[in-house]
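Sequences are here, hints too, so could you generate the full structure?
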Amino acid sequence: MRGGKMYLNKIILKLKFNETFISLLRFPVTLLFSFIATFLSIYMDRFYQINSDNFHIVNGIMSCALGIPLSLSFYLFFERLKFKGKKIIAGISSLFVILIYYYNSSFDHSLNNIYKYIQIFILLHLVLSFSPFILKKELNGFWQFNRILLQRISLSIFYSAIIFIFIMIAIQTCIYLFEFNVKSILYYNIFFFCLFIIQTWFFVLGIPKNINSLNTIELYPSFLKFFTQNILVPIVLSYFIILYIYMFKILLLWDLPKGLIGWLVSILGILGILTKLLINKDFNKSSTKWVVFFSKYFHFLMFPLLGMLFIGLYLRIADYGITENRYILLVLALWLLLISLFYVISKSKNLKIIPISLSIVFLISLVGPWSIYSLSFKSQFNIAKSFLIQNKILVDNQIQKSPISLTLVQRQLISNKIYYLIENHGLDSVKEIFGEKAINAIKVNKYKYPDSNFFAKILLDGIGINYMDQWDKEQLSDELFFHLNLRSFPLDIQNYDTLLKFNFYENENKITIENFKLEMHQEKSELSIYKDQKLIITIPLESFLNNLNSVRVKDDAKENQFYNIKDMTLHFESKNIEVKLIFEHLSIIKMNGIFKLSVYSEGTILIKEKIK
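Okay, so the sequence shown: first residue is 1 according to my numbering, each after it adds one.
Simulated from the structure, these hints should not be mistaken for lab results. Ideal placement from N, C-alpha and C gives every residue a C-beta, glycine not left out. Careful, some of the hints might be misleading.
Claimed, not checked - Derived CB-CB ranges, DEER-like:
#1 W263 <-> S574: 28 to 36 Å
#2 K437 <-> F83: 52 to 60 Å
#3 K443 <-> I360: 52 to 60 Å
#4 I92 <-> D461: 46 to 54 Å
#5 I185 <-> E523: 51 to 59 Å
#6 I267 <-> N466: 33 to 41 Å
#7 D461 <-> Q494: 49 to 57 Å
#8 K443 <-> I242: 42 to 50 Å
#9 P28 <-> F166: 52 to 60 Å
#10 F572 <-> I511: 14 to 22 Å
#11 I242 <-> K183: 30 to 38 Å
#12 F572 <-> I311: 41 to 49 Å
#13 K443 <-> L535: 22 to 30 Å
Next up, the structure:
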């Protein structure tokens with residue numbers, strides 16, 4: 001009996017070895033990428049010091065990590081095509097694409113390189129999810145394939161983590177018992193070995209050999225059914241309840257959505273779609289009523305929340321321009337809206353449209369003049385450049401010393417923009433502003449620990465602008481936003497002769513309307529009105545701003561609050577003129593306990609000239 005068990009174990013071990021070897025023959029380039037990534041990680045004994053000297057090694061590791069899902073996608077796509085040499089074509093194609101990526105990668109310290117890499121990494125995994133079914137209409141096969149992929153990813157992460165922990169415990173035990181001297185780099189090497197080789201090999205072992213047969217399989221694992229229907233669906237529905245309560249709250253108070261609401265709605269939408277993908281097509285056979293409700297009404301429930309997201313996003317883009325985060329939110333929101341409309345209108349059950357459409361969105365937003373990085377750069381660069389031109393610091397594309405002493409608000413604005421451009425787009429992004437000579441001077445120094453704050457300070461200090469770093473901004477200012485409650489309208493304009501609309505935004509503090517000129521003095525918190533080049537009145541705003549903040553404190557409102565027209569209106573008159581100033585949108589900043597105008601104000605001015 002004992003001999004029979006040993007013989008059976010030998011057979012099982014031999015089968016496992018054969019499967020491992022077969023997976024190597026089936027996906028040779030995929031496993032080659034994992035081995036190269038591991039070798040490069042071990043070779044780079046100081047991998048945590050990422051600089052221009054060893055970037056080619058870091059780039060090689062990152063490229064190989066992309067090559068794993070890319071080569072799998074090629075192999076699985078060509079595997080379903082019946083012609084000779086398909087495996088060779090798949091391998092050569094993936095190697096060719098990764099080599100192009102490797103040689104076109106550039107080294108700098110900008111965040112956008114990290115964002116781009118993450119975007120490509122997600123894109124390639126999305127492509128992997130549908131690559132064997134691009135030319136096939138096998139909806140059940142597609143669902144079963146992705147179920148298997150999800151299981152293999154989860155198990156490969158779990159098992160590789162267990163192996164890593166076990167090896168760490170074994171090493172620590174040997175150190176304790178035998179007093180070995182082990183370098184810390186060994187732990188990193190073992191980590192990368194488990195990450196790239198163990199995890200990848202275990203994952204590819206479970207990829208079905210006969211994908212054609214998946215469409216005939218009717219399998220819905222009980223653990224997946226329990227997890228989806230009793231954990232995921234209740235979580236998503238709970239999120240819906242919370243966000244709907246919040247939406248009704250802001251409608252009742254006529255408030256604006258908080259800054260993070262866009263991410264919360266997007267996360268809910270993605271989690272909900274993932275849950276829909278995991279729900280089997282035979283969900284109606286389940287007795288769980290909330291699963292049926294979720295499957296039928298999920299997309300309908302998303303529409304009001306997406307509307308709230310678009311409103312909040314529009315206001316922030318209008319106030320501060322486009323950044324990567326706002327662009328990503330906008331793209332995700334549009335995709336969620338289109339997907340919801342598609343499933344509501346078409347009544348289609350084709351789940352392939354989800355990863356395919358998201359892949360297209362990722363690809364479009366990755367490259368070209370409409371990409372995340374191009375549009376956000378242009379938006380923030382134009383704001384910075386316009387500010388410098390307006391204040392005569394950039395004249396005929398030549399940077400010069402600031403001829404005036406900038407206010408704290410102005411210093412904060414230009415410091416924010418230059419820091420953002422360097423941090424997200426690299427030093428070369430501000431070359432057009434500061435000139436090639438200034439940028440090259442920084443590069444030549446090769447600072448050991450490059451920091452965007454430090455670079456921005458060098459450049460701005462060089463033109464006579466005292467840079468405000470993040471710590472200074474937090475200590476000096478606390479920006480608040482006020483918005484007019486539109487229910488307070490219509491506006492009473494009786495007994496007034498002139499109506500002027502104004503919009504002071506970022507660096508624009510002067511507006512000319514026909515024969516009137518408006519000039520906002522942010523540092524003094526004053527508004528001057530000129531008619532026919534003659535000053536007719538200067539309106540002090542400091543007392544009004546303090547009163548407005550008192551209303552905010554009384555209402556216990558922290559940010560983005562709507563206010564009645566009475567609170568947002570200032571009456572002022574002199575001997576010859578009477579003015580009513582109605583703010584529709586206003587940002588104020590607290591500096592050393594005093595409230596002053598910030599960079600943004602919009603509204604209406606009513607003027608009545610008194611008869612002499």
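Tested hints:
1. Between W263 and S574 the C-beta distance comes to about 49 Å, which lies outside the given range of 28 to 36 Å.
2. For the hinted restraint 52 to 60 Å between K437 and F83, the CB-CB distance of approximately 58 Å keeps it satisfied.
3. Evaluation of the 52 to 60 Å hint for K443 and I360 yields a failure: the beta carbon distance comes to about 38 Å.
4. Between I92 and D461, the C-beta spacing of about 53 Å keeps the proposed range 46 to 54 Å intact.
5. Hint check: I185 to E523, Cβ distance near 55 Å, so the stated range 51 to 59 Å holds.
6. Between I267 and N466 the CB atoms are about 40 Å apart, so this pair conforms to the stated range of 33 to 41 Å.
7. At about 54 Å, the beta-carbon gap between D461 and Q494 stays in the expected band of 49 to 57 Å.
8. Restraint check, K443 to I242: a C-beta distance of roughly 49 Å satisfies the suggested window 42 to 50 Å.
9. Evaluation of the 52 to 60 Å hint for P28 and F166 yields a failure: the beta carbon distance comes to about 28 Å.
10. For the pair F572 and I511, the supplied restraint of 14 to 22 Å holds, since their beta-carbon distance comes to about 18 Å.
11. Range check, I242 to K183: Cβ separation about 49 Å, and the 30 to 38 Å hint is violated.
12. Taken as a hint, the range 41 to 49 Å is violated for the pair F572 and I311, whose Cβ atoms sit roughly 32 Å apart.
13. Hint check: K443 to L535, Cβ distance near 49 Å, so the stated range 22 to 30 Å is violated.
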